[in-house]
Each structure stands twice: as structure tokens, then as C-alpha cells.
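Trainee: Here is what each chain is made of, one letter per residue.
There are 2 protein chains.
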Amino acid sequence: MKKSDAVQLIFQPLLQQRGDSVWQPQREQGLAFAPTNIALCKYWGKRDEQLNLPMTSSLSVAIPEKGSMTHLTLHDQPDDIVVLNGDELAADTQFVQRIKAYLDLFRLEQSWRLRIDIQLNIPVAAGVASSACGFASLISALNDMFAWQLSMRDLSILARLGSGSAARSLWAGFVEWHAGVQADGMDSYAEPLKFEWSELNLGILLVTEKEKSISSREAMQHTVDSSLLYANWPRKVARDMVIFRQALQAKNFSLLGGTAESNALTMHATMLSSWPPICYFLPETIAAMHQVWQLRKEGLELYFTQDAGPNLKLLFVEKNKEKVLGAFPKLEVSKLFVE
Amino acid sequence: MKKSDAVQLIFQPLLQQRGDSVWQPQREQGLAFAPTNIALCKYWGKRDEQLNLPMTSSLSVAIPEKGSMTHLTLHDQPDDIVVLNGDELAADTQFVQRIKAYLDLFRLEQSWRLRIDIQLNIPVAAGVASSACGFASLISALNDMFAWQLSMRDLSILARLGSGSAARSLWAGFVEWHAGVQADGMDSYAEPLKFEWSELNLGILLVTEKEKSISSREAMQHTVDSSLLYANWPRKVARDMVIFRQALQAKNFSLLGGTAESNALTMHATMLSSWPPICYFLPETIAAMHQVWQLRKEGLELYFTQDAGPNLKLLFVEKNKEKVLGAFPKLEVSKLFVE
Numbered sequence: 109m110k111k112s113d114a115v116q117l118i119f120q121p122l123l124q125q126r127g128d129s130v131w132q133p134q135r136e137q138g139l140a141f142a143p144t145n146i147a148l149c150k151y152w153g154k155r156d157e158q159l160n161l162p163m164t165s166s167l168s169v170a171i172p173e174k175g176s177m178t179h180l181t182l183h184d185q186p187d188d189i190v191v192l193n194g195d196e197l198a199a200d201t202q203f204v205q206r207i208k209a210y211l212d213l214f215r216l217e218q219s220w221r222l223r224i225d226i227q228l229n230i231p232v233a234a235g236v237a238s239s240a241c242g243f244a245s246l247i248s249a250l251n252d253m254f255a256w257q258l259s260m261r262d263l264s265i266l267a268r269l270g271s272g273s274a275a276r277s278l279w280a281g282f283v284e285w286h287a288g289v290q291a292d293g294m295d296s297y298a299e300p301l302k303f304e305w306s307e308l309n310l311g312i313l314l315v316t317e318k319e320k321s322i323s324s325r326e327a328m329q330h331t332v333d334s335s336l337l338y339a340n341w342p343r344k345v346a347r348d349m350v351i352f353r354q355a356l357q358a359k360n361f362s363l364l365g366g367t368a369e370s371n372a373l374t375m376h377a378t379m380l381s382s383w384p385p386i387c388y389f390l391p392e393t394i395a396a397m398h399q400v401w402q403l404r405k406e407g408l409e410l411y412f413t414q415d416a417g418p419n420l421k422l423l424f425v426e427k428n429k430e431k432v433l434g435a436f437p438k439l440e441v442s443k444l445f446v447e
Numbered sequence: 109m110k111k112s113d114a115v116q117l118i119f120q121p122l123l124q125q126r127g128d129s130v131w132q133p134q135r136e137q138g139l140a141f142a143p144t145n146i147a148l149c150k151y152w153g154k155r156d157e158q159l160n161l162p163m164t165s166s167l168s169v170a171i172p173e174k175g176s177m178t179h180l181t182l183h184d185q186p187d188d189i190v191v192l193n194g195d196e197l198a199a200d201t202q203f204v205q206r207i208k209a210y211l212d213l214f215r216l217e218q219s220w221r222l223r224i225d226i227q228l229n230i231p232v233a234a235g236v237a238s239s240a241c242g243f244a245s246l247i248s249a250l251n252d253m254f255a256w257q258l259s260m261r262d263l264s265i266l267a268r269l270g271s272g273s274a275a276r277s278l279w280a281g282f283v284e285w286h287a288g289v290q291a292d293g294m295d296s297y298a299e300p301l302k303f304e305w306s307e308l309n310l311g312i313l314l315v316t317e318k319e320k321s322i323s324s325r326e327a328m329q330h331t332v333d334s335s336l337l338y339a340n341w342p343r344k345v346a347r348d349m350v351i352f353r354q355a356l357q358a359k360n361f362s363l364l365g366g367t368a369e370s371n372a373l374t375m376h377a378t379m380l381s382s383w384p385p386i387c388y389f390l391p392e393t394i395a396a397m398h399q400v401w402q403l404r405k406e407g408l409e410l411y412f413t414q415d416a417g418p419n420l421k422l423l424f425v426e427k428n429k430e431k432v433l434g435a436f437p438k439l440e441v442s443k444l445f446v447e
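These protein sequence lines are chains A and B, in that order. In terms of the numbering used here, the first sequence has 271 at position 163, counting the first letter as 1, and numbering is strictly consecutive. In terms of the numbering used here, the second sequence has 224 at position 116, counting the first letter as 1, and numbering is strictly consecutive.
Excised from the complex, chain A in its bound form (with noise of 0.2 Å):
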């Protein structure tokens, strides 16, 4: 099945009602913030690379003052023009070929061009989830823009259709991505869960902001198709859903953190089975994650995730913030939740 016709079937009911006023923009501007979110359960493989369909369900926490403020202008220009940061970028980026082909799903005959101001308080393309919540407060501008007032379970699965992980940017707080059964996709949406933990807090350690060198997108392509590990990686997230439903009902922090590092390590692990190997690790991640053990061994709650990409996300609880500090000096620390 191709993008649009997933697009087709999400608008089936507003078509009906609204005709096709719905692909006309309803106001001049769409603004829209959409938290990044940090996988504790990572999505990892696809059963369907056109609708980003994963082979797995995920599980995330959003960290709710980093992300992407995505505000869209009409203009009447001949092309969209897409400002990240303030800066306008080159029509041949493959961003903006990739925001152009995602509008054009909902842009079908119609002749409006956008000026997309994308506002990014997070790194892009260092593993910190920046198309996740760029396409998730994309999807939720248009939906502003265009009025069409989409069900959050409908953004869900329009966000996914932009990039995987968008599906779950669009809460605070813990989201589950259900992987569906379904070929049209549209059983594979997120939705938040009723959890909440005051205390945890994650850091993100930068060990650098450099674009990462192979994309995620093509990382879990290539481990999907070329590493004989990967095929008990849908067993070992089957465990650990399990496990982490059972960490948050109990507010068991070394459980959580424990299986969200495990996880994070044994994504990696697929990787660098595959051939030619994918190695995000760099010296520093090598060296931070030394440090995170050696601080555990003498007691110190505190466990790792790391996405595709070289940086580390430490995780801890609230009352170790000043101890993780000291360790890690230049941690950027987020609570997650808000009192």
C-alpha cells in the first residue's frame, strides 16, 4: 500500500463531510509544538518500509520542553520554503525533499505552498529523535492549518507515515506505539499510558553534535536484511514490554532503567552483526557508558539508553541529580514530568 492511500483512508470521513474543502488551508498560519521523544523500548526494523510499519511495538518518554515548534505560513511563492532554526535551507537537502513529499500527500491537486519555520531546541540527526518531533508537530500544524480536527490516534498514524517514531511524539509523558497486525497500517498508532514518575530525570550526554554518518532509517534497514541476531529481536522487545509495564505499575526505577539499557545495548548489538557493520558507538560513548557502569558498581542508580547515534541519555531519579552531575559536568537535564 502506498502512503497516499493510507492518507485516503484516515480522511475517508472528513471527505464525506467536508468534501474537498479539507485539502484547502482553512487559516493563513498553523503552528504546532511537539515534544522529541527518548525510546525506552526502541522501534527497531519494519515490516513495512512505505507506511513505516514496525515489526515491534515501543515504548517512549517524551522530554516535554525539547522538541520542534513547527509554524506554517501560506505564501504564494511557486515552491515551499523550509526555515529550520531560522535559517533558510537548500531546496536539494534531503529534508526539505522529504517535508516536500510528505506535503504533497495531502496537497493532491491543489496549488498552496507553505513556508514551513521549523524551531529545533534538540541537535539534528544526532540520535536525539529531531524527525520525530519534526514530523509530529508537522502533521499536528497542518492539522491546525487545515481544521481538520483529526482524532489523536488519526495524527498518530499520519505522523508515522512522515517518520516512524513520529507516531509516538505527539504526548508528554509514556507513549506505547502498538505495532499492529494490519497491512494498511492503521492499527500501528501510539497512545499515551496513564504512568506518571516525578522523580525520574534523564540527561542527555552529547558526546557530539555531528550529523550521524549512516541515518536510522538505513541503519535498520540494513540490520533487518543483514544480520542473523536480529531475528531474536522481536523476542527480546516481546520481554521487555512486559517488563517495563511492570517497572511503571511498580515504580521499580533499577528495573526500568536496567531494561531500557539493555535494550538500547542489544539494538545495538544487531548492528554490529550486521555486515558491513553499523557502529554508532564512538570512543566517548564507549567511555561514558564505562562510566555509567563503574558509578553503578559503587552504587549509583543510574543506567543509559542510546538511539541511532553516538550520545548517550542517562537515566536516575531526582535524587541523584546532583551526584550525576557531578560525573557528567555538561549533562543537559530534563525532569519529565512536571508537577
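Some clues are possibly wrong.
Chain copies aren't distinguished; within one or between two, either way the pair holds.
[What the hints assert, rightly or not] Mimicking BS3-like on lysine-lysine, the simulated pairs with C-alpha atoms at most 30 Å apart in a straight line are:
| no. | residue 1 | residue 2 |
| --- | --- | --- |
| 1 | K429 | K154 |
| 2 | K154 | K405 |
| 3 | K154 | K318 |
| 4 | K438 | K208 |
| 5 | K405 | K443 |
| 6 | K318 | K431 |
| 7 | K302 | K359 |
| 8 | K111 | K405 |
| 9 | K429 | K302 |
| 10 | K111 | K443 |
| 11 | K405 | K359 |
If you're looking for bench data, these hints aren't it; they were derived computationally from the structure.
Starting from the known structure of chain A, arrange chain B on it as the hints suggest.
Mentor: Using the frame of chain A, we list chain B on its own:
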């Protein structure tokens, strides 16, 4: 089955011929050298912990001039003495305990005691197979001292009882250790392969000489017990063993090197996915890996393998030696086949 029962099986024919004199030294001294071996297809995981029976077959190449020279001398002290590179080791060290337990397999009620002089020209317990060549040279020296005249197959089985990969350390060149299927391990022994490859070079890149934090013995058991990815390791080995034979047959260096690197990374991947995780990578290990990948991207045919320790072994052919040494000036290069 106990180790002593396996020893009995091996010595049955000899006992019928020679009776109890089998357990008595026939000479005052015994001497043997065994080369260290570097696995291209790793031994990782046991089907029998007692007898060091492996889950899978494995394949190694020896470094002919690096290894262990063991010199045994009968003495009239009340206890064995182990001297490593000239220094007498304390009786309570793990290494000495392991050697004495091994000697006990052949000592039965006899009261002989030995001075065991081991000259190792590789670092101890840093993932350069010191215990493999150590036990291989020890059993060979015992064979000499007791005039057993055992077959190489029997020596390989007996060496395995000391340390799994010691089974492979009795020959120069390429060696295959057959996993075997029998519970008594009598079909789990190594054999030399007839392939020669005089252009082949191996360089040891020592990033540290420190002893590793966890022994390979413990690491492999922990991995088998706790990594969900380990289940597919035997499939990986089965495939790689076929490819290694093709590569050796065709003298296809890229195929040999690439398969060795992928096999090693996959072994380390299983460790990363165990819990608590095992990570033999140091920052320097990862830096060297990235350097190898960069050089390969630039056209240099260079591959690495890594054992249960932070050091890398680089594989390349003679004509690229100068370039490789240019990139890694401290590399200890060995030719693997003497012309």
C-alpha cells in the same frame, strides 16, 4: 561426565599396555612449546561446562612464534610450583589452582610434584589466548615427561579439558575444532587444515596489557544464560564455517577477513545483549575499529578480529604491510606461515 572420566577414556588402551606406570613420570623433565591461536571463527558458548564441550565448531590460525614454552621438572617439594616468565606465582592464585587441578587429573594416587616453568611471550589474560597455548604446551610437556606418545587427537581432547580453545593450540597454520555431538566429548577435538597462505599477516594491536575484568570462561557462560540474541549464534557460526572454507580454498582475502570481522563483532554483540552487559570494548578499541573501517573505505584491505579482551588483531596481506604499519606504528606483526 567428569573430567577424570574423560581422561580415563583416553588412557584406557595405554593402561592395558603399561598398567599404572602410565601415571609415573618416565623422565626427570618434560618440555614443549605451543603456539597461541587466534580464532577466525570464535568458540563462544559450551554445551558441557565440565568437559569444555563447545556449542559450535570453530576455526583458528596459529601465530607460530608466539606462545607458551612449558618446562616441567620433577621435584621433591610437597607441592607443585608454577613459575611464569621467571616469577614464582603464589599458590593461591587462580591460575596456579587451575594448573594443579589439571595435573590432579593425571596424578591419581601418585605423589609426584612438579615445578612448572612457563615462558609466555604474549600478555597474560588480555584476550590473546594465553590459557589456550598454556594448556596445550602443558599437556604436550606431560606427554613428553610421561612418555605417553599420545596421538594429536588425544592431546587435543586432553588440552580441551584444561581450556576449551587449547584444543586448537597444538599446530601451526589453520586449525578446525569440531564441536562433536557425543556426551563424552571423544569427537570434540581439533585438526589442522591443509590450507597454507604465505601472504597472510596478523598484527596484534595491544590497546592495554591490563588483565581483563571478566574471564572469557565466565563471559561466555553469562552470555549463554542471559542473552536472547545468543540463540542465533550457532546459525552464524554454521554459515561462517562454510564461508571460511570457501575463502581458504579460493585464497579470497576479503572473504576471509570480512567473515572473521563479522564473526568477532557478532560474538561481542551477544555479550552486549547479555544482562548485566559485558563490554570488552575500550574507547581505544572503538577508535581502532573506526580507523580500520576508514582505511578500508579508502581502499586498504584490512580487517580485524577481537577476542574476549579489548585488544584487536588485524588481518592483512604481505603487500599491504607497510601501509598498515604506517597507520598502526605499534602493531606487532607476525607472519602466519613460514615459507
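Trainee: Next, verify each hint and record whether it holds.
Mentor: Verification of the hints:
1. K429 x K154: neither (36 Å within a copy, 42 Å between copies)
2. K154 x K405: between (36 Å within a copy, 28 Å between copies)
3. K154 x K318: Classified as within; 26 Å inside a copy, 42 Å across copies.
4. K438 x K208: neither (36 Å within a copy, 51 Å between copies)
5. K405 x K443: within (25 Å within a copy, 42 Å between copies)
6. K318 x K431: both (28 Å within a copy, 29 Å between copies)
7. K302 x K359: within (13 Å within a copy, 60 Å between copies)
8. K111 x K405: neither (48 Å within a copy, 36 Å between copies)
9. K429 x K302: For K429 and K302, the Cα distance is within 30 Å only inside one copy (25 Å; across copies 61 Å).
10. K111 x K443: Intra 36 Å, inter 57 Å, cutoff 30 Å: neither.
11. K405 x K359: within (22 Å within a copy, 47 Å between copies)
Of the hints listed earlier, those the structure fails to meet are numbers 1, 4, 8 and 10, in rising order.
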